[in-house]
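Once you've looked at the hints, dock chain C against the given chain R.
Respectively, the protein sequence lines represent chains R and C. Take 0 as the starting number for the first sequence in numbering that gives the first Met the number 0 and just add one per residue. Take 0 as the starting number for the second sequence in numbering that gives the first Met the number 0 and just add one per residue.
Calculated from the structure, these hints are not laboratory results. Hints are not guaranteed to be accurate.
[Unchecked claim] Computed Cβ-Cβ distance ranges for the label pairs, DEER-style:
(1) C:H305 - R:A323: 45 to 51 Å
(2) R:P223 - C:Q8: 52 to 58 Å
(3) R:N358 - C:N340: 43 to 49 Å
(4) C:D341 - R:H412: 50 to 56 Å
[As the list claims (entries may be wrong)] Here chain R is said to cover these stretches of chain C; the calculated rule only asks that three of the stretch's residues, wherever they fall, bring their Cβ under 8 Å from a Cβ of chain R:
(5) 101 to 107
(6) 296 to 302
(7) 355 to 365
[Unchecked claim] Subject to a maximum C-alpha distance of 27 Å in a straight line, what follows is the list of computed DSS-like cross-link-like pairs (lysine-lysine):
(8) C:K138 - R:K277
(9) C:K157 - C:K406
(10) C:K140 - R:K271
(11) R:K277 - C:K71
(12) C:K132 - R:K271
(13) R:K120 - C:K294
(14) C:K95 - C:K147
(15) R:K236 - C:K134
(16) R:K402 - R:K342
(17) C:K309 - C:K55
(18) C:K196 - C:K71
(19) C:K60 - R:K271
(20) C:K157 - C:K140
(21) C:K132 - R:K277
Built from N, CA and C at the ideal position, the CB exists for glycine as well.
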Amino acid sequence: MIQFEEKILHNGLHVIVHHDPNVSIEVVNVLYKVGSADEDASRTGFAHLFEHLMFGGSENIANFDKELQKAGGNNNAFTSPDITNYYDVLPVQNVDTALWLEADRMRNLSFDPQVLEVQRKVVIEEFKQNYLNQPYGDLWMKFRALCYERHPYQWPTIGKQISHIEEATMEDVKSFFNRFYHPGNAILVLAGKLGVEEAFTKAERWFGDISARDKYTRDLPQEPPIGTRKFQETSAKVAADALYMAFQMPGKKDAAGYASHDLLSDVIGRGKSSRLHKALVREQEVFTQIGAYVTGSADPGLLVIDGKISEGVTLEQAEQAVWAVLGDLADNGLAKNELEKTKRKALTTQEFGAIELLNRAMGLAEAAYYGDTKRVNQESEIISQVSELEVNQIANYLLRPEKAAVLYYRREHN
Amino acid sequence: MSQSAPSIQPIPDLNLQEPKYGRLPNGIEFYQQDSPGTRAVRLELIYPLGDIFQNKKGQAKGMFQMLTEGSKGRSADEIADQFDQLGAFLDLSTDKFSATVGIYCHADYFIQAVELLLDVIYHADFPEDEWKKMKAVSKSKLLLSLEKSNVLASRQFKKHIVGDGNVLGQVLEPEDYDELSLEDIRDFYEAQFLSSKPKVFLSGQGESRQLQEWINFLGQVSVFGKKEHQKEVSPDAYYKGRLLIDRQEGTQSSIVMGVPMPGIQHPDHHDLKIANTLFGGYFGSRLMQNIREEKGYTYGISSRIHYLQKAAYLGIQAEVKREFTEHTIKEILTEIHRLQNDACDQEELDSLKSYISGVFQSQLSHGFALMDIHKNRILQELPSSYFTDYFDALRRIDSDRLRHIFKEYYPSNEEEYLISVCGGWS
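Extracted from the complex, chain R is given alone in its bound form (with noise of 0.2 Å):
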């Protein structure tokens, strides 16, 4: 059980408070409702440059990051579909520093010419050593694509070309600041030793003056529901053929429904003794990996079925045996006890996660942004939740070919 506490500052900044005795820390967190589906699609990949360009410099101060650590402290940030978090962790004796840095960058940045320019060229190596450089380091800007015709989701966070990244001009990053970054916008937690008024206290001292600015409203193309099975081939010099199939599933905002098609995913694929390890790494020896999981997006998300094919063996076949697998569970269901360990296992998970400070901290402003921070303490039982009914339905409508997202990665002999 996490406890916390939460209010909303008058300029709209949502603070959760989560007082840990235990530890001699604090963790400030700050979520901003913005990630790369709020990106116009021709200039992708901004939310996250943005993230970058965080740490250069802002109002009243030249450099984040050095200020941090005289500190004592730490910080990172990621950019995702759907928010961009950024997070300090010190020792608690110094975390108005962390505060006045985060207000101060929240309220307004330097906007420095050079700022942009050298990060503009971290981000394309960023963009080279992940996307690029990487074996299957292109399968998602393919496969987001193909999953995905008209939300936003169709390109990576990294962004779909490097062209936007290298056109993106200083009036953009104003009005991008302008649009997504004030306190209406975003949601502060601070987890860790401070007491629960103490932390208001400082909230409301180094937030509390910033200007509201007009609220946001996140108003997306929906994708609609695959009802042919859609399917697409790409080429490159790797080790193996690979096969990715993706399902539409419900988003995070949707919790029970979430749950019952994540616990589905763990049933095909998480782990040794799931359908889909049993039947084609071990019995069958198609794959020599092969995995499922789910992306856990706002918006309804994707189940991923993902596998490294074994030598001798065609992409079509694979992907045969693989729909033998899901038919066999759509059309009888699951075994006896299959959901219940399935369900013990994803509480094992839940359980190890909440065990670092920062991850809590993170859970209760994920919570938040999806509408319900009391969700945070609500995942368990909702796992716990679910019917084996419920799971066999999802099944036999779901794992069918129709309403799947295929593509095949083969590999080119040199």
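Structure of chain C alone, referenced to chain R:
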């Protein structure tokens, strides 16, 4: 309205709790660390049996991975299914010097999970067909990883920094799996594993009654071996010079460069660790500030010291825009030259010191992390004063001492380095 900077408070010394230690009735050394507020439990059996004990490459790793692939009375599928029924996760991993058999589970299933684990690994029967599958899968995973330029650069580096052919630099090649037989695996199990005495580390939280029950249970386990494996291996002379894996595709080069360093028991170890953090061990480091934040050549660059029993080596690693490969190497050497000759200013030094002690505290927000740092200390046979010694060194170190460390251990001329690159020089 702008607000001025809050004053920085000194970071109080951390009162670093030691895990509870005891010798169980069965002679096993046992360490236990609470972690309030969770019902998660982790048990690790650490065997001092790494690659250095094997006769053939891949033998130790293969044997530990096969431990749960079949036992007397249980097939591999049944074993996987029974662990899942308990919601338990396994960790079977090996390195050069030791091997870990770890289990992660909920407190309520702890005894059942550990009973199952011990029964399985001490009655492993290594079925032939499971071994074939394991080999095929491991080999294909290795082949996939050999597509990555950072993996290739780093493997080439590891081999040559301890002298080509030295066991400390051995890396698995795909064909090594063809040479390895089930007999080799069984031999290692019978000749080494069964007689080996593990150290036992328990982290997490049960109710106090449960905890006593667990300790009693572990103290009665009779299957553990009695032999305390020990072996010391030293590196050979390293290769000085440049080694290139030429890769035309891709627009980046992976660089790994370094030299041997004094080991973890050396009197200069703590100062060296601090100096290396300044050089390339955090976001504010010289390397990150120069190569990433000023020049934008890379997404990340780092410098680490890797320890091998009594030996150690430096590894500076980055993936850079290919045309700046030469220039990056030059800039790395320039930074070293500066650190040898120019005094580090007080602000940078203070900031480094605060950062190091702050991060240390931040990483220890729960018992599992606390156990991890002590576990590593214990396995490396370091004294319990290791962390207080480190913080004493951190308080004492000044810019003269730092300059001295860089002069002593970080050459500023390229000829002294092993430089491994995958990609191209330009």
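Against the structure, the hints come out as follows:
A hinted range of 45 to 51 Å for the beta carbons of H305 (chain C) and A323 (chain R) is consistent with their spacing of about 47 Å. Between P223 (chain R) and Q8 (chain C), the C-beta spacing of about 56 Å keeps the proposed range 52 to 58 Å intact. Checked against the hint of 43 to 49 Å, the pair N358 (chain R) and N340 (chain C) passes, with Cβ atoms roughly 44 Å apart. Here the CB-CB span from D341 (chain C) to H412 (chain R) is close to 53 Å, well matched to the stated 50 to 56 Å.
For a cut-off of 8 Å, the count of residues in the region 101 to 107 of chain C with a CB near a CB of chain R stands at 3, and the three-residue condition holds. Only residues whose C-beta sits within less than 8 Å of a C-beta in chain R count toward coverage, and the region 296 to 302 of chain C has 3 of them, enough to reach three; the restraint holds. Judged by the Cβ-Cβ criterion of 8 Å, the region 355 to 365 of chain C is covered by chain R as claimed, because 7 of its residues qualify and three suffice. Note on K138 (chain C) and K277 (chain R): the hinted pairing holds, with a Cα-Cα distance of about 19 Å set against a maximum of 27 Å.
For the suggested pair K157 (chain C) and K406 (chain C), the alpha carbons sit about 24 Å apart, so the restraint of at most 27 Å is met. A threshold of 27 Å between alpha carbons decides the hint, and for K140 (chain C) with K271 (chain R) the separation of about 16 Å falls inside it, so the pair holds. Proposed proximity of K277 (chain R) and K71 (chain C) is supported: the alpha carbons are some 20 Å apart, at most 27 Å. With a CA separation close to 13 Å, the supplied pair K132 (chain C) and K271 (chain R) stays within the 27 Å bound.
At most 27 Å may separate the alpha-carbon atoms for a hinted pair to count; K120 (chain R) and K294 (chain C) meet this at roughly 8 Å. For the hint pairing K95 (chain C) with K147 (chain C), the CA-to-CA distance comes to about 22 Å; that is within 27 Å, so the pair holds. With a C-alpha separation of about 23 Å, the suggested pair K236 (chain R) and K134 (chain C) falls inside the 27 Å cut-off, and the hint holds. Of the pairs offered as hints, the one joining K402 (chain R) and K342 (chain R) holds, with about 25 Å between alpha carbons and a cut-off of 27 Å not exceeded.
For a cut-off of 27 Å, the pair hint linking K309 (chain C) to K55 (chain C) stands: about 23 Å separates their Cα positions. Proximity of K196 (chain C) to K71 (chain C) is assessed by CA-CA distance (about 22 Å); at most 27 Å being required, the pair is judged to hold. At most 27 Å may separate the alpha-carbon atoms for a hinted pair to count; K60 (chain C) and K271 (chain R) meet this at roughly 18 Å. With a CA separation close to 20 Å, the supplied pair K157 (chain C) and K140 (chain C) stays within the 27 Å bound.
The suggested pairing of K132 (chain C) with K277 (chain R) holds, with an alpha-carbon distance near 12 Å, which does not exceed 27 Å.
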